[in-house]
Every structure is written in structure tokens, then in C-alpha cells.
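Chains as they are written, first to last, in our numbering: chain C, 1 to 272; chain B, 1001 to 1417.
Because the hints were derived from the structure by calculation, they are not lab data. For every residue, glycine included, the Cβ atom is placed at its ideal position computed from N, Cα and C. It is possible that part of the hints are untrue.
[As the list claims (entries may be wrong)] Estimated spans, in silico, between C-beta atoms of each pair: (1) Arg138/C <-> Phe1044/B: 32 to 40 Å; (2) His102/C <-> Tyr1223/B: 22 to 30 Å; (3) Glu1009/B <-> Pro201/C: 39 to 47 Å; (4) Ala1034/B <-> Asp78/C: 44 to 52 Å; (5) Gln1026/B <-> Ala198/C: 49 to 57 Å; (6) Phe1025/B <-> Ala198/C: 34 to 42 Å.
[Unchecked claim] BS3-like mimics (lysine-lysine), calculated; alpha carbons at most 27 Å apart, straight line: (7) Lys1232/B <-> Lys37/C; (8) Lys215/C <-> Lys151/C; (9) Lys1142/B <-> Lys1117/B; (10) Lys151/C <-> Lys130/C; (11) Lys1230/B <-> Lys37/C; (12) Lys1081/B <-> Lys38/C; (13) Lys1142/B <-> Lys1179/B; (14) Lys1127/B <-> Lys1102/B; (15) Lys119/C <-> Lys1411/B; (16) Lys1170/B <-> Lys1142/B; (17) Lys119/C <-> Lys151/C; (18) Lys1081/B <-> Lys1016/B; (19) Lys1159/B <-> Lys1097/B; (20) Lys38/C <-> Lys1230/B; (21) Lys38/C <-> Lys113/C.
Residues per chain are reported as follows:
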Amino acid sequence: MNLPIQTQMSNQTSTGAANHSNHKVTVRNVNVFYGDKKALENVRLDIPAQQVTALIGPSGCGKSTFLRCINRMNDVVDGCRVEGEIKLDGEDIYARGVDVVHLRARVGIVFQKPNPFPKSIYDNVAYGPKIHGLVSNRTEMDEIVMTSLEKAGLLAEVQDRLEAPGTSLSGGQQQRLCIARAIAVQPEVILMDEPCSALDPIATARIEELIDELKENFTIIMVTHSMQQAARVSQKTAFFHMGELVEQGDTTEIFTRPKDERTQAYITGRIG
Amino acid sequence: MNNQSTNSERIQAGLKKRYRAEKRFQYYGIAAIAIAIAFLLIMFAAIGIRGVGAFQQTHIALTVTLDEAHVQDNDWQGIVKASMRNTFPEVTSRRDKKLLYKVMSSGAGFDLQALVKETPSLVGQTKTVWLPSSDDIDMLMKGSIDRTVAEDDRRVSDKEIAWVDQLIDKDAIELQFNKRFFTGGDSREPELAGVLGSIMGSFYSLLVCFLLSFPLGIMAAMYLEEFAPKNKWTDMVEVNINNLAAVPSIVYGLLGMALFLNLFILPRSAPLVGGMVLALMTLPTIIIAARAAMRAVPPSIREAALGIGASPVQTVLHHVLPLALPGMLTGTILGMARALGETAPLLMIGMVAFIVDIPTGIMDSATALPVQIFLWADSPERAFSERTSAAIIVLLVFLITMNLGATLLRKMFERRW
Chain C
1 MNLPIQTQMS
11 NQTSTGAANH
21 SNHKVTVRNV
31 NVFYGDKKAL
41 ENVRLDIPAQ
51 QVTALIGPSG
61 CGKSTFLRCI
71 NRMNDVVDGC
81 RVEGEIKLDG
91 EDIYARGVDV
101 VHLRARVGIV
111 FQKPNPFPKS
121 IYDNVAYGPK
131 IHGLVSNRTE
141 MDEIVMTSLE
151 KAGLLAEVQD
161 RLEAPGTSLS
171 GGQQQRLCIA
181 RAIAVQPEVI
191 LMDEPCSALD
201 PIATARIEEL
211 IDELKENFTI
221 IMVTHSMQQA
231 ARVSQKTAFF
241 HMGELVEQGD
251 TTEIFTRPKD
261 ERTQAYITGR
271 IG
Chain B
1001 MNNQSTNSER
1011 IQAGLKKRYR
1021 AEKRFQYYGI
1031 AAIAIAIAFL
1041 LIMFAAIGIR
1051 GVGAFQQTHI
1061 ALTVTLDEAH
1071 VQDNDWQGIV
1081 KASMRNTFPE
1091 VTSRRDKKLL
1101 YKVMSSGAGF
1111 DLQALVKETP
1121 SLVGQTKTVW
1131 LPSSDDIDML
1141 MKGSIDRTVA
1151 EDDRRVSDKE
1161 IAWVDQLIDK
1171 DAIELQFNKR
1181 FFTGGDSREP
1191 ELAGVLGSIM
1201 GSFYSLLVCF
1211 LLSFPLGIMA
1221 AMYLEEFAPK
1231 NKWTDMVEVN
1241 INNLAAVPSI
1251 VYGLLGMALF
1261 LNLFILPRSA
1271 PLVGGMVLAL
1281 MTLPTIIIAA
1291 RAAMRAVPPS
1301 IREAALGIGA
1311 SPVQTVLHHV
1321 LPLALPGMLT
1331 GTILGMARAL
1341 GETAPLLMIG
1351 MVAFIVDIPT
1361 GIMDSATALP
1371 VQIFLWADSP
1381 ERAFSERTSA
1391 AIIVLLVFLI
1401 TMNLGATLLR
1411 KMFERRW
């Protein structure tokens, strides 16, 4: 499902078309400010389609801020200002006339702390398709809910209690419910903001497996504090430090032969 | 090592003092609560003891002859008087007869009228009925008038006491449940006065108040909390709302008088205007409570909704509002409870008038329960002071019920996340 978004920057897309061919998201010269404070400086990053890109770096380095720029969740933060361009399929998402609601339907997000709605499991998953009018009857809705839960690896556990409140699930199950809720809208990109930081190792392993499966259908960008996790699940890694994108590349490269000494210091545990 | 042991000793020595201080602090708290509860109990007891008498009223058994002549003349009180003369045939002088008639309530005839209206076949018959006595006799029966005081210093004369004693001997006088107190409107005669008129006035006022202030308050709170840009204008609005919540209620009464009565020419004494004034007064309270309730909804819920592409309005209507509703309702009910107890603004818009009829709509002249209490408290008759306390009991019952309702509503709608 490839929904076109309106843009006024079509002249630029043609020139960069070759670059964008296999890059789902391209980021150029992005600066982010919170009031007067600069949170991100001059970020330039390409995110390949159907892969997992991990954003790593010490706390406060701006990786979550960057992640939230990609579906414009920062719009609701007071005093937050984004400069530069972020393109999704070659179209600038900060261009005038871009509908944020539409953008967020294309770029889903899973937060650090599981945050299911205080509604039933079924309603949690069904909410997205319902507000976007993706289904016309109950049968279609049932199907979307079931497939989404299935893809999120949760169906077997909740099949017989779909009407139970989403908040009654365990932490790991809640997080998978949130993933199911995100993929029910059938987005193209899924952003994950430290999805496992509130979970125990077993639940974490399940989510990591799930992320690995999901990359078949979605482009995944995840923020993580755990370098082992980044090494396990991602194909690309970007290292942020003090609001700056220090280094990016293949995960294996970054972890075995970092070019920048700050990256080396971080992955060997000397900073961060 | 040495240093460590002295440290430990010091801590040990200080511990006792610390625990004592903690105990003392707890006792202060318990004492504060005990004092508060004691005052509350004293208040309830004082009102209860003084007011409970009003739920009973002295009735006298009279053998009345419902002859057609009187019925046709509608002279119901005449029937009562005739019956009194028959009961006390020894009373002959004009003056004494007048005194005798005053033993019965001037409203006793209305009871007869109602009786005949119910069963018209009674006309022409003789029947024994219980009819209300006057308030002075009622007070005498309830022991509020001291028989040992000199005759000139008390409200009932020796003759009246003698008649009452005769009735007591015949078992023809007793305290009965005072139904009229709950079904009647106001009256100049304490024994005929009831609270229903003012309850209905309060009900209609609160209805208007709720219908105006709840939607307005929720909409205002929703806009300010969720959609309004944060700038000096919204800051100013917020400061003003907080200030309005602290404005003395009589000021709202003055505003209502100037605006609703003089400018919009709405009817004086009507629950419509009373409700509008109370709505003005309640609005800031509701807005503040509703905003607090919305602020208590965790931001993660908003982010979750926005994150899957809900629009800001959808986010608020589908997620924030349902979660904030119990808090909003609680705030509203507490605001309503305050409005129910409010007297001052209603005085300014004429709801303090003496109104006998029970209002049947928001445009009828009416008074409100607290105003009724104020009016009765101002009346010289001893029986009215009893009814004042009884009306306070009624008001307190309503207030406690509303607060209980608020608690139950919150319990019922509360959801965890």
C-alpha cells in the first residue's frame, strides 16, 4: 500500500530519484531545537527499506528526538522546531500541505513504555483501522485484528480473551499489543523508541524475534540503549553523540571497524 | 573503628528522639481530625435535636359535621369552629370562643376540603378527623412552652392549657407525622409551612445551572487544556478563571440582577435566572476541575492515539475525555452541591420572595432551599425555628446524597491504565 502524499517539492524528487530508489527515508541537514537549545545538528542519514536501522548513543544524544521527527510526533511538543528535510519515498514530510494524520498512518510508532488504551484487546487493535476508515464491516475488521495480532505474535496468547482489557496483559504482551496496534494500520515504516527497555530478557527476546520477522514487510527504525540488541536485530546502525550523527553504516561494520573514535569509545563501553 | 562505634552510638541516641517526634506528629494529626469530627458531630446533633420536632405536628381529633350549608359556602373553617364549640360547650363568651378557635390551625379547614374532595359522599355526615393544631399548641405539646412561667409571659393562656389538658385526658390530641412539611409550600403559619416549594425551586435552578454550566465548562476546559496555544492570552484567561472561582457569590448575584433582570428583562424570582446566576458561579469551579481531570490522563495515552494517526479532536474525544469523565463529573457535582447551598446571589435576583405556590417550571416564581432556611430563621414564631432546623436537615441530606453520588460515579467510571 503506497499512499501518495501531497508535496510541493516535486522538482527535487526527480533530481534525487536515483538516490532514493532503495532508501525509504532520507534525511538531510536536519536541525532540531527545543526553544533556544539545539538538540540535533545537521543530521544526514539514509534509511533503507525493509531493513532494521538501529539508532544508538548515550542518553540525551538526540536519538529519540530524531526518531520522533520522522512521524512528526514532535509537532505537539511545545517549543520544538525542526529544520532541514526528511523525505519519505522522496517526498518531504515537513513540506507545507502534508497531512500529519496521513503521515502517521504511513509511519507508525511504538513507544518505550507499553501504552495500550484502557480498552479491550480487540478495540486496541481495531482503533487505527476504525478511525482511518480502512474497513467497511465487522468481518473485515475481525480479519485485520486477527492478522495484526498474529503478525505481532500475540494471537495464540489472547485468542480466547479478546474482550479482556489490554492493560490486563503482562508488560511484554502489552508491548506486542502496541506493535499489533501499529501494524493494524498497515504503515510503511515503524518507529520503535526503545521498545524493550521496560521488559525482562525473555519478553525482550520475543520482541527482537518479532522485529526480525516484521522487517519482511516494514521498514523499521529503532532506538535502543543496548548495543547487543542493535547488533542482534539491525542491519544498519547510526551512532548519535551530543546531538550529532557521528557515524552510520552497516551494523557489522560499525561494531567491528568503527571509523570514528567516539563510536569506538561508546561501543567498547568507555563513554555512555 | 573507634570513629564508627561513636557514630553508631550517636545514631542510637538520636533514634529515640526521632521516634518521639514522629509519634508526636501523628498525635497532632489525630487531634486535628478528632476536633474536626467533634465539631461536625456537635453541629449535626444541635441541628438534629432542634429540627427533629418539626417532622411531627400536633393533631387534634375533632368530630366534624360536614353539613351542606357550610360545604356550599366553602366555609370549611366554619365547620372546624362549630366542632370546637361542640367539643367545649362550656365556652360561651365571645372572647373565649375566639381564643378557642385559635387552638386549631387556620389551615385545618383546608384538610377538610381536601378530605371532601377525595370522598364527596362524606357531605352531610358526621366524622371524627385528625386536624392540625395551631403552632402555639404544637409548641406546648412538644414541651417548648414552659407551663410554670407566669401567664403573661408565655404564648398560651391558662385557658388554652386547660383545654389542651382536657383533650389529653380524652386522648384526642397527639403528635403525628408532619406530612405537610414535605408536601407543602411556604406559609405564614408555621404548622402549614412546608419545604416542597423551595425544594422544587432549588431543583429547577440546579437543572438550569447544570444544563448551562456543564457543557460550557467542559468545552472551555477541553479547549484550554488540549487545543489552546500557550501564549499570554490563554495565560490571562487562565488567571481570570482562577480569580472568578474566588469571587464572592453575592457579586454574581449583582451581575445577574444587572444583566439578566435589568438588561435582558427576564422574570424576577424565576429559577431560570437563579440557575443562570448559579451557572456563572459554578462555571470556574467546573472548568478548573475538568482541566485537572484532563491533566491527570497520562500523556502516553495521547501519544498512543496520535501515533497511530488519530487527529487531535479524535484523541481527545476517544481517549482523554472518557478517562477524564469521572473527575469531571465529580467536580461538577461538587460545584452543583455548592450551588445548592448558595443563598446570597439568589437574594439579589428576587428569589427571596414569600411564595406559597409550588413552582411547576423554570419561569414560575420560586424560592430555594437555603433561602427558605434564611427566611424561616428570620421569623419570630418559635415553631419556625424548629422548621428552620428541619429544613437544614433536608438540605444536608441533599448535599450528602450529592457528594455520595459523586463518589459513586467516580468509583463506577474509574478505569485503570
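Falls inside 34 to 42 Å, the C-beta gap from Phe1025/B to Ala198/C? Holds, since Phe1025/B and Ala198/C (Cβ atoms, about 37 Å apart) stay within the stated range.
Checking one constraint from the list: CA of Lys1142/B to CA of Lys1117/B, max 27 Å. Satisfied? Given that 27 Å is the threshold and the Cα spacing comes to 31 Å, the pair is violated.
Hint consistency between Lys119/C and Lys1411/B [alpha-carbon to alpha-carbon, up to 27 Å]: Distance ~17 Å between Lys119/C and Lys1411/B Cα, so the pair holds.
Do the alpha carbons of Lys1127/B and Lys1102/B lie within 27 Å of each other, as the hint requires? Judged against 27 Å, a Cα distance of about 21 Å means the pair holds.
Given the hinted pair Lys38/C and Lys113/C, is their Cα-Cα distance within 27 Å? Given pair Lys38/C, Lys113/C holds - Cα atoms ~26 Å apart, limit 27 Å.
Indicate whether the distance between the beta carbons of Glu1009/B and Pro201/C respects the range 39 to 47 Å. Given a distance of about 46 Å, which is inside 39 to 47 Å, the answer is holds.
Verify the proposed pairing of Lys1081/B with Lys1016/B, using a straight-line Cα cut of 27 Å. 82 Å, violated
When you check the alpha-carbon spacing of Lys215/C and Lys151/C, does it fall within 27 Å? 11 Å, holds
Using the Cβ atoms, figure out if Arg138/C sits within 32 to 40 Å of Phe1044/B. Cβ of Arg138/C to Cβ of Phe1044/B: about 56 Å, so the range 32 to 40 Å is violated.
For the range 49 to 57 Å, tell me whether the beta carbons of Gln1026/B and Ala198/C fit it or not. 37 Å Cβ-Cβ, so the 49 to 57 Å window is violated.
Verify the proposed pairing of Lys1142/B with Lys1179/B, using a straight-line Cα cut of 27 Å. With a Cα-Cα distance of about 17 Å, the restraint between Lys1142/B and Lys1179/B holds, given a limit of 27 Å.
Looking only at beta-carbon atoms, does the pair Ala1034/B, Asp78/C fall within the given range of 44 to 52 Å? 47 Å Cβ-Cβ, so the 44 to 52 Å window holds.
Checked against the numbered hints listed earlier, the structure breaks hints 1, 5, 9, 12, 18; every other hint is satisfied.
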